[in-house]
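Undergrad: Okay, here's what each chain looks like letter by letter:
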Amino acid sequence: MRSPFAVLDRLDERRLGLVLVIPAIVLMLIVAAYPVLSAVWMSLHRYNVKVPQDYAFIGFSNYARILASRTWWTAMETTVGFAVLSVTCEFFLGLVMALVMNRALGKATGAVRVAVLVPWATITVVTALAWKWIFTPTFTFGALNWVMGLFAEESCVLCGRWTSILAMVFADTWKTAPFIALLLLAGLQSIDGEMYEAADVDGASKWTQFTRITVPALKPAILVALLFRSLDSLRMFDLAYVMTNGANDTKTTSMLSYDYLIRRLDMGVGSAMSVLVFVTVLIVAFIFVRVLGAAPEGADKVKKPKRARRSAELESVTDAMGRAQIA
Amino acid sequence: MTAAAAPRPGGFALPTPSAPTVHRGNPSFLARVRDLGIWTPFGIGVLIAYCLFPFLWLVRLSMDPAANGAFFPSKFSLDNYASVLKNGEFMHAFLNSVIIAGSATVVAMAIGGAAAYALGRLPVPGKQYIMFGVLAVSMFPGISIVGPIFELWRTLGLYDTKTGLVIPNVTFALPMGIWIMSSFFRDLPRDLEHAAYMDGATPFQAFRKVMLPLAAPGVFTSAILVFINTWNEFLLGNSLSATTHSMPVTAAISNFQGENTLEIPVGPISAASVMVMLPLVAMVLVFQRRIVAGLTAGGVKG
Numbered sequence: 001m002r003s004p005f006a007v008l009d010r011l012d013e014r015r016l017g018l019v020l021v022i023p024a025i026v027l028m029l030i031v032a033a034y035p036v037l038s039a040v041w042m043s044l045h046r047y048n049v050k051v052p053q054d055y056a057f058i059g060f061s062n063y064a065r066i067l068a069s070r071t072w073w074t075a076m077e078t079t080v081g082f083a084v085l086s087v088t089c090e091f092f093l094g095l096v097m098a099l100v101m102n103r104a105l106g107k108a109t110g111a112v113r114v115a116v117l118v119p120w121a122t123i124t125v126v127t128a129l130a131w132k133w134i135f136t137p138t139f140t141f142g143a144l145n146w147v148m149g150l151f152a153e154e155s156c157v158l159c160g161r162w163t164s165i166l167a168m169v170f171a172d173t174w175k176t177a178p179f180i181a182l183l184l185l186a187g188l189q190s191i192d193g194e195m196y197e198a199a200d201v202d203g204a205s206k207w208t209q210f211t212r213i214t215v216p217a218l219k220p221a222i223l224v225a226l227l228f229r230s231l232d233s234l235r236m237f238d239l240a241y242v243m244t245n246g247a248n249d250t251k252t253t254s255m256l257s258y259d260y261l262i263r264r265l266d267m268g269v270g271s272a273m274s275v276l277v278f279v280t281v282l283i284v285a286f287i288f289v290r291v292l293g294a295a296p297e298g299a300d301k302v303k304k305p306k307r308a309r310r311s312a313e314l315e316s317v318t319d320a321m322g323r324a325q326i327a
Numbered sequence: 001m002t003a004a005a006a007p008r009p010g011g012f013a014l015p016t017p018s019a020p021t022v023h024r025g026n027p028s029f030l031a032r033v034r035d036l037g038i039w040t041p042f043g044i045g046v047l048i049a050y051c052l053f054p055f056l057w058l059v060r061l062s063m064d065p066a067a068n069g070a071f072f073p074s075k076f077s078l079d080n081y082a083s084v085l086k087n088g089e090f091m092h093a094f095l096n097s098v099i100i101a102g103s104a105t106v107v108a109m110a111i112g113g114a115a116a117y118a119l120g121r122l123p124v125p126g127k128q129y130i131m132f133g134v135l136a137v138s139m140f141p142g143i144s145i146v147g148p149i150f151e152l153w154r155t156l157g158l159y160d161t162k163t164g165l166v167i168p169n170v171t172f173a174l175p176m177g178i179w180i181m182s183s184f185f186r187d188l189p190r191d192l193e194h195a196a197y198m199d200g201a202t203p204f205q206a207f208r209k210v211m212l213p214l215a216a217p218g219v220f221t222s223a224i225l226v227f228i229n230t231w232n233e234f235l236l237g238n239s240l241s242a243t244t245h246s247m248p249v250t251a252a253i254s255n256f257q258g259e260n261t262l263e264i265p266v267g268p269i270s271a272a273s274v275m276v277m278l279p280l281v282a283m284v285l286v287f288q289r290r291i292v293a294g295l296t297a298g299g300v301k302g
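One line per chain: the protein sequences are A and B, in this order. When we follow this note's numbering, the leftmost residue of the first sequence carries the number 1, and every step to the right adds one. When we follow this note's numbering, the leftmost residue of the second sequence carries the number 1, and every step to the right adds one.
These are calculated hints, taken from the structure and not from any lab test. This structure is a prediction, so every number in the text was calculated from the model and none was measured. There may be inaccurate statements among the hints.
Stated by the list, open to error - List of simulated lysine-lysine pairs, DSS-like, C-alpha gap at most 27 Å:
| id | chain 1 | residue 1 | chain 2 | residue 2 |
| --- | --- | --- | --- | --- |
| 1 | B | Lys86 | B | Lys162 |
| 2 | A | Lys50 | B | Lys75 |
| 3 | A | Lys306 | A | Lys219 |
| 4 | A | Lys306 | B | Lys127 |
Stated by the list, open to error - Computed beta-carbon distance windows for the label pairs:
| id | chain 1 | residue 1 | chain 2 | residue 2 | range |
| --- | --- | --- | --- | --- | --- |
| 5 | B | Pro41 | A | Ser69 | 50 to 60 Å |
| 6 | A | Leu18 | B | Ala216 | 21 to 31 Å |
| 7 | A | Ser69 | B | Leu52 | 34 to 44 Å |
| 8 | B | Leu52 | A | Arg290 | 34 to 44 Å |
| 9 | A | Lys219 | B | Leu285 | 44 to 54 Å |
| 10 | A | Val19 | B | Ala216 | 16 to 26 Å |
To be verified - If you only want the chain A side, here are some residues facing chain B, beta carbon under 8 Å, derived:
| id | residue |
| --- | --- |
| 11 | Leu11 |
| 12 | Arg113 |
| 13 | Ser311 |
Note that CB positions come from ideal geometry on N, CA and C, so glycine has one too.
Start from the sequences, fold in the hints, and give me the full structure.
TA: In C-alpha cells:
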C-alpha cells in the first residue's frame, strides 16, 4: 500500500522544512497581513456598505475627522486609563499572590493551582457578567452592597464613568492577576534559597533582600508580563462590551471602531479608527522591543559584530514574545 | 531562543524554604505547618476565596437571582438550567462553539504542529524572522482585521458560517500553538533523528513516526490551551456571525442581555454562563498540571 505521504517522504530536511512551514505562513498572510493592509486602504476612502455608490478616495480626511472629534479622545482616555490602572493592579496583586504561593506548603498546591486557573479559564464574557452583577445593587448581598455604597453614590458602581472603569479594572484584575502570579512564581522558584541565607548572614533586611535578590531575578518575567498585559488591555473589547456596553462614556477605542465597522457599516471611518488602534498597540510594542532587545546582559554588547548583535536582539525579543503568548 | 529550563513535568515544584531560619533537611509535614505561622495559610485561604468568588456568585444567582441582601439563596432550584436546556437558541450556540473551537483546535494543531517542527528542528532559512513574524501576529488587535475580513467573507459567502469563524480563529491560535510545540520539539534529544536516519527513514518519516509520538504531550498541552482560547473568543464571533447558523455561545450570552435592560433574565443567563464554564472548569480540574506546565513553558530562562 502506498503511503498517503509518499511525496513528503521523498523530501530532504531543507525542503521538508519549507513545505511544513508554508501553510502557516500563507494562512497568516491572508487572514492577518492582508486585512491590516486592506484596512489602511479602506481608511483612505469614503465608503459605507449601505451606500456603495458613494465610494471615493478622500486621503486622510477620515483621520482628520476622527482626531478632531471628542468621542475619539474620550474613548482613548477610557482605554488608556483602563490599561494603566489594570496593568498596575494586576502586576502588584499578581506579585503578592506569587509570594504567598511561594511560601505555602507543597501540599496546598493542588487546590491552589485549580483555584488560580479558574479565573484564567473563565471566559471573558462570563467574567464581565459575573462582575457586572456583583456591582449591581439588586443582585448583591448586603455586606458588599454596603462596601459599594462607600465608593459610589447610591452604591451604583456602574452608573458613573470612572467607577465603571474601576469596575472593569476589578474584573480584568481578577481574571489575569492569578496568571501573572503563575508566571512570577515560576521565576521565584528558580531563585537559589542560599542567596537569602547569605544575605541574612550579612544582616540584610527582608526588604533589601526583596529589592536586591527577588526583584532582579524576576525582572525578565516582570517585563514580559507588564508589556504584554498593556498590549492586551489597549485593545480591550469584550469586557466593556458586556459590562457597560459603552454607557457613561466607557467605550474603548476597539468598541468605537466596532460601532462604525459592524453596526454602522461605515468602513471608511471604522477602518481609520481600527488603524489608529493598531498604531497605538504598535507604539507600545515598539517600546517593548527596545526594552527587551536591550535586555541580554549588557556587558558583551561592544565586541559582537552588528549582525550577531541584531540576531541576539531578535532572539531575546522573540523569546519574550513567545513566553507571553498565553498572557 | 534558549532551551527552556522551566519545571516542565509538574509545574509547581516544592517551594525552597524562603525563611532562612529553617535549616532542616526534610522537615516533617507537621513541622512545616508550624513553620508557616498564621499568615501564609490565611493568605492562601484569601487567595482561593478571591479566585472562586465570582464564579460561585454566578452559581448562586443561577439558583435564585433574588438576592435581597442575602448571601445564600433562599431556595435551591435548577429551573433556570432546565429553561436554558430547552432554549433552542442557546443550545444551538453551544453546539456551534463546540464545533468551531473543536475544529479550529484540530486544524491549528495540524498546521501549527508542522510549522513548529520545521521551526524547531529543521534547517529553515530565516527561521528567526519567521518566528518573529508568527508571534507578531498574536499582538495584532482583533479589531484591526475584523473590518476587512467582514468585507472579504461577505464577498466569498463565508459571512455567518462556521467555516468563516474557524479560519480566523485558527490564525490567532497558531502563534501560541507554534511557540509551545516548537519548544517541545526542540527539547527532544538529537540522537532520535540520527537513529531514525540510520534505519533508513526520510526526514518526514522521522517526523511522523518518531518525533511526533514523542512530542504528543506537548501537542496535547497546546491543544488544551488553544481550545480554551478559542472557546473564549468574542470579537470575531460577535462580528462575523448573525444567526444561530454560526453564532458562538459567547456572542449568544451577550446578546441575551443586550436588548432589554429593565427585564434582564439574570437567572437563566447565569445558568447559561455556568454551563459555558463547565467544560473549561472540567478541563482545568483534569489537566491542571499539564496546563501550568504549558503556561510556564519557557517561563524562566535556565
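Undergrad: Holds or violated: 21 to 31 Å for the Cβ distance of Leu18 of chain A and Ala216 of chain B?
TA: holds (25 Å)
Undergrad: Lying within 44 to 54 Å: is that true of the beta-carbon distance Lys219 of chain A to Leu285 of chain B?
TA: violated (34 Å)
Undergrad: Is it true that the C-beta distance of Ser69 of chain A to Leu52 of chain B lies inside 34 to 44 Å, as the hint says?
TA: holds (43 Å)
Undergrad: So, as I understand it, the hint says Leu11 of chain A touches chain B; can you test that by seeing if any CB pair is closer than 8 Å?
TA: Holds, about 6 Å.
Undergrad: Report holds or violated for the interface hint on Arg113 of chain A, using the least CB-CB distance to chain B and a cut-off of 8 Å.
TA: holds (5 Å)
Undergrad: Could you check the hint for me, namely that Pro41 of chain B and Ser69 of chain A are 50 to 60 Å apart, CB to CB?
TA: holds (54 Å)
Undergrad: Next pair to validate is Lys50 of chain A with Lys75 of chain B; report whether the Cα-Cα distance is within 27 Å.
TA: Outside the cut-off at roughly 51 Å; violated.
Undergrad: Would the hint linking Lys306 of chain A and Lys219 of chain A be met if the CA-CA limit is 27 Å?
TA: holds (26 Å)
Undergrad: Sort out whether Lys127 of chain B lies within 27 Å of Lys306 of chain A, counting only the CA atoms.
TA: holds (19 Å)
Undergrad: Does Ser311 of chain A meet its interface restraint, that is, does its C-beta lie within less than 8 Å of any C-beta in chain B?
TA: holds (7 Å)
Undergrad: Measuring from beta carbon to beta carbon, are Val19 of chain A and Ala216 of chain B in 16 to 26 Å?
TA: With Cβ atoms ~22 Å apart, the hint holds.
Undergrad: Between the beta carbons of Leu52 of chain B and Arg290 of chain A, is the distance compatible with 34 to 44 Å?
TA: holds (40 Å)
The earlier numbered hints that this structure contradicts are 2, 9.
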